[in-house]
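Chemist: Full structure from sequences and hints, please.
Read top to bottom, the protein sequences are chains A and B.
Numbering-wise, our numbering comes out as the position in the first sequence, counting from 1, plus 33.
Numbering-wise, our numbering comes out as the position in the second sequence, counting from 1, plus 243.
Hints may contain errors.
To be verified - Covered by chain A, per the in silico footprint, the following chain B stretches (three or more residues, Cβ under 8 Å):
no.	region
1	382 to 394
2	515 to 524
Said to hold, decoys possible - Some, not all, of what chain A presents toward chain B, calculated at C-beta under 8 Å:
no.	residue
3	Gln44
4	Gly209
5	Gly214
6	Met218
7	Leu223
8	Ile224
Keep in mind the hints are simulated off the structure, nothing from the lab.
Where a beta carbon is used, it is the ideal one built from N, C-alpha and C, also for glycine.
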Amino acid sequence: MSKLFSEKTKQVFLGPLSKNNPITVQVLGICSALAVTANLKPALVMSLSVIIIVAFSNVIISLLRNTIPNRIRIIVQLVVVAALVTIVSEILKAFAYDVSVQLSVYIGLIITNCILMGRLEAFAMANKPWESFVDGLGNGIGYAVILIIVGFFRELLGAGSLMGYKVIPQSFYDAGYMNNGLMMMPPMALILVACIIWVHRAKNKDLQEK
Amino acid sequence: MDALKKIVDKVKPHFEKGGKLEKFHSVFDGFETFLFVPNTTSKQGTHIHDAVDSKRTMIVVVLALVPALLFGMYNVGYQHYLAINQDVNFFETFIFGFLAVLPLILVSYGVGLGIEFVVAQIKGHEIQEGFLVSGFLIPLIVPVDTPLWMVAVATAFAVIFAKEVFGGTGMNIFNVALVTRAFLFFAYPTFMSGDAVWVRTGTTFGLGNGSIIDSFSGATPLGQIAVSPTTQVQLGGITGNSIGFIDGFIGLIPGSVGETSVIAILLGAVLLLVTRIASWKTMLSVFVGGAAMAWIFNTIGPDTAAAHFPWYNHLVFGGFAFGAVFMATDPVTSARTEKGKWIYGALIGIMTIVIRVLNPGYPEGMMLAILLMNIFAPLIDFYVVDANINRRLKRATIKK
Numbered sequence: 034m035s036k037l038f039s040e041k042t043k044q045v046f047l048g049p050l051s052k053n054n055p056i057t058v059q060v061l062g063i064c065s066a067l068a069v070t071a072n073l074k075p076a077l078v079m080s081l082s083v084i085i086i087v088a089f090s091n092v093i094i095s096l097l098r099n100t101i102p103n104r105i106r107i108i109v110q111l112v113v114v115a116a117l118v119t120i121v122s123e124i125l126k127a128f129a130y131d132v133s134v135q136l137s138v139y140i141g142l143i144i145t146n147c148i149l150m151g152r153l154e155a156f157a158m159a160n161k162p163w164e165s166f167v168d169g170l171g172n173g174i175g176y177a178v179i180l181i182i183v184g185f186f187r188e189l190l191g192a193g194s195l196m197g198y199k200v201i202p203q204s205f206y207d208a209g210y211m212n213n214g215l216m217m218m219p220p221m222a223l224i225l226v227a228c229i230i231w232v233h234r235a236k237n238k239d240l241q242e243k
Numbered sequence: 244m245d246a247l248k249k250i251v252d253k254v255k256p257h258f259e260k261g262g263k264l265e266k267f268h269s270v271f272d273g274f275e276t277f278l279f280v281p282n283t284t285s286k287q288g289t290h291i292h293d294a295v296d297s298k299r300t301m302i303v304v305v306l307a308l309v310p311a312l313l314f315g316m317y318n319v320g321y322q323h324y325l326a327i328n329q330d331v332n333f334f335e336t337f338i339f340g341f342l343a344v345l346p347l348i349l350v351s352y353g354v355g356l357g358i359e360f361v362v363a364q365i366k367g368h369e370i371q372e373g374f375l376v377s378g379f380l381i382p383l384i385v386p387v388d389t390p391l392w393m394v395a396v397a398t399a400f401a402v403i404f405a406k407e408v409f410g411g412t413g414m415n416i417f418n419v420a421l422v423t424r425a426f427l428f429f430a431y432p433t434f435m436s437g438d439a440v441w442v443r444t445g446t447t448f449g450l451g452n453g454s455i456i457d458s459f460s461g462a463t464p465l466g467q468i469a470v471s472p473t474t475q476v477q478l479g480g481i482t483g484n485s486i487g488f489i490d491g492f493i494g495l496i497p498g499s500v501g502e503t504s505v506i507a508i509l510l511g512a513v514l515l516l517v518t519r520i521a522s523w524k525t526m527l528s529v530f531v532g533g534a535a536m537a538w539i540f541n542t543i544g545p546d547t548a549a550a551h552f553p554w555y556n557h558l559v560f561g562g563f564a565f566g567a568v569f570m571a572t573d574p575v576t577s578a579r580t581e582k583g584k585w586i587y588g589a590l591i592g593i594m595t596i597v598i599r600v601l602n603p604g605y606p607e608g609m610m611l612a613i614l615l616m617n618i619f620a621p622l623i624d625f626y627v628v629d630a631n632i633n634r635r636l637k638r639a640t641i642k643k
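Modeler: Here is the structure:
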């Protein structure tokens with residue numbers, strides 16, 4: 034057991050949650066963060082899909098890492114990711130059709146998500162399967178946290194609801210309150226991500242450039 | 244003036260280092276330099292000094308905006324009493340508009356300056372004066388019926404995200420007042436377009452009670468063009484009377500508070516040009532670019548109402564004149580090289596007409612055109628300077 038949760042593994046898991054977050058620090062995977070966060074539900078499903086895909090593709094590539102010829106490694110990685118993405122996509126179509134329609138091409142586009150290729154290249158190709166799995170989980174969750182925060186605020190302020198349920202009472206609207214249409218547009222996701230980065234860097238002074 | 248100076252000097256020690264109100268130093272400093280030109284000088288480098296610092300510049304712009312504001316107030320009252328078909332005297336009309344517009348000004352200044360003061364305190368800066376003009380512009384470029392909380396939210400958004408994050412006054416890429424309007428436009432589209440917001444039909448502080456006439460139509464001229472099914476539009480005022488170029492020039496038509504009257508805007512333009520605060524090159528080239536583009540659409544454009552709208556009318560309706568005089572010439576966000584100003588201005592005029600004519604979703608293109616060109620201003624400057632360097636380099640090369 035001691036090997037499972039060694040200090041290094043812990044770092045591998047916790048790093049991406051904060052100081053090495055894929056979205057706020059490495060600024061990867063921004064496109065999907067803009068596209069799927071207009072409502073909380075697709076953001077959640079997208080997060081879950083990315084966590085699963087990045088964790089398992091990390092494991093598979095890590096297992097294969099010594100047998101993959103260096104010159105064609107990107108193709109091999111893509112095949113593995115594509116296979117996993119197809120599986121997730123089919124499962125979503127079977128069991129959560131409406132969300133899958135909302136997410137449209139973005140599940141398929143996980144194949145090209147920068148976080149995945151980054152983790153496979155930078156970590157799974159050089160580490161053992163267990164560490165790679167933990168690294169995938171960490172990065173997936175780090176991505177998910179940001180998506181969920183952005184999705185939360187966009188749906189709350191843009192549509193007055195969460196997970197499709199109205200949370201802002203009708204009396205507010207009667208008093209003159211209105212949903213902010215800008216929240217529903219992709220630019221606002223960028224501004225929200227920027228706000229998260231702002232808060233994050235204000236709290237972690239070592240992330241600030243001199 | 245002397246008495247005022249004495250008071251300022253008397254309370255000054257409290258705000259100096261070691262005084263009991265030391266932490267409000269930046270607030271005091273803001274007021275002091277607002278009232279009197281500071282007597283401090285820069286410590287390094289060579290500077291040319293004159294009495295016109297940026298606070299004095301801002302005040303001249305504010306003065307230039309006063310005619311548009313006063314006319315806007317009168318027009319708000321005028322449109323209102325026209326809509327409820329009551330005949331009131333000049334004074335009552337103006338008071339109605341004054342009371343309708345005043346809250347917008349107070350909210351815009353209150354929120355914007357509040358944020359400026361807080362930021363100045365946190366950063367330990369002196370208070371920056373840029374918001375003096377932005378806060379005055381905001382009420383002039385929104386419809387009179389914009390809810391106050393929306394103005395507050397939009398102002399806060401613009402001051403924080405379009406100005407403070409870039410480093411405060413003088414560092415912003417986008418015109419702050421236009422970002423406020425753009426935020427309102429995209430966040431609350433029902434309150435920034437259509438035909439229900441341009442004329443105040445309700446009462447203001449209990450004034451102007453009455454029922455709206457049957458033939459009332461609150462659409463702005465450009466709004467009417469955008470929804471017109473035919474290619475030749477007869478523009479109408481709010482009571483259905485037909486209006487034309489002269490009405491657009493005088494400005495007793497529905498629209499954002501300060502944008503309707505070209506006469507009032509030109510009065511401001513004269514002041515800005517005489518004091519040389521705004522560049523005549525930018526102003527002129529916006530009008531020339533807009534007129535030329537509109538003329539091209541008139542001649543060979545698509546078969547729509549907007550394309551057939553005569554080019555001279557494009558210049559007097561909507562926010563064209565206001566944007567050209569007060570927004571495009573913003574010294575911070577516009578091009579700074581002399582050649583660059585021509586290019587910058589002309590492209591604003593061209594883009595405005597292109598947006599108006601080719602995108603029916605945006606009947607008014609001025610705001611988007613200026614914001615778009617704000618992005619390109621540094622690029623234009625870069626190439627103008629670069630071309631100049633190359634030209635001179637060529638001259639300097641020794642021929643073999």
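Chemist: Taking the hints in turn, state whether each one holds.
Modeler: Tested hints:
1. 382 to 394: Our answer is that it holds, as 3 residues pass the Cβ test (under 8 Å) against chain A, meeting three.
2. 515 to 524: violated (count 0)
3. Gln44: Hint violated; A/Gln44 Cβ to chain B Cβ min 32 Å, cut 8 Å.
4. Gly209: 6 Å, holds
5. Gly214: Holds. Min distance 5 Å.
6. Met218: Constraint on A/Met218 satisfied, holds at 7 Å.
7. Leu223: Hint violated; A/Leu223 Cβ to chain B Cβ min 11 Å, cut 8 Å.
8. Ile224: 6 Å, holds
Checked against the numbered hints given earlier, the structure breaks hints 2, 3, 7 and satisfies all the rest.
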